[in-house]
Each structure stands twice: as structure tokens, then as C-alpha cells.
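Visitor: Could you build all of it, start to finish, from the sequences and the hints given here?
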Amino acid sequence: MTITTRRWLDWVIVILGFWLITSPRVLTLAADDGPAAWSSRIVGAGLLTLAAFSMHKPAVWVESAGAVLGLWLIASPWILEITRLSSATANVVIVGLLVIAYAIWAFRIDTGRARS
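With the first letter of the sequence shown counted as 1, position 19 gets the number 32 in our numbering; the numbers rise by one all the way through.
Fair warning: there could be bad hints in the mix.
If you anchor each label on the Cβ, the simulated ranges turn out as follows [claimed, not checked]:
id	residue 1	residue 2	range
1	Arg97	Met68	33 to 39 Å
2	Arg20	Ala103	26 to 32 Å
3	Trp51	Arg121	31 to 37 Å
4	Ala72	Phe31	19 to 25 Å
5	Met68	Ser99	32 to 38 Å
Keep in mind the hints are simulated off the structure, nothing from the lab.
The beta carbon of each residue, even a glycine, is placed where N, CA and C say it ideally should be.
Guide: Laid out in C-alpha cells, this is it:
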């Protein structure tokens, strides 16, 4: 059952990564070329890369890196000063929270499997 859950979590991260790459255009974030848009694209590409690693061989460092990217997403609206764009701010904060939640869930699956 955990392998099925683990694979499901990896695919959710893939979907979130693709969303982050496309969301600047969809949300018309700062003319689609500002620092917030680039941050979203880079983090999205990072999530896709981490998901690929995780699908190949799950590891704790992958979940840790995912959690760090999630924390960046939550903090980035204030660091990059895009809080005036409420849809962009809500988008990255919600995706960041989801990424962190999935990283914690996957970490628990991985550490539970290691103890067995």
C-alpha cells in the first residue's frame, strides 16, 4: 500500500511542478517575466527534478529538498515583494503548503519503511 501511496505523492508533485511553471502565464504574473515568475518556474522545474529522483529511488534528501522549496514558495511573495498581486501570492503560498505537506507525508512513508 505504501508504494502505491508513494507513487501517488510523486505524481502530485509532478502536477504541482507543471502548475508552477505555467502559472505565471495563467495568472499574468508581473508581465510574465519578473522575478516572481522566474522564481515560480525555477521552483517548478526543481520539483519536477525531485519527483523524477523520487520515482527512481525515494530518499530522505529528496523530501528535505522539497520541503525547502515549499518554504521558499511560502516566503517568496514577501521576499520578492509581490504581495500586491493577491492571486499570485495565494497561488505560491498554497502550493508551498501542499509541497511541504506532501514532503512530510512522503518522509513518514520512507522512514516507516526503513524501520520495518
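Visitor: Need the list of violated hint numbers for this structure, in ascending order.
Guide: none
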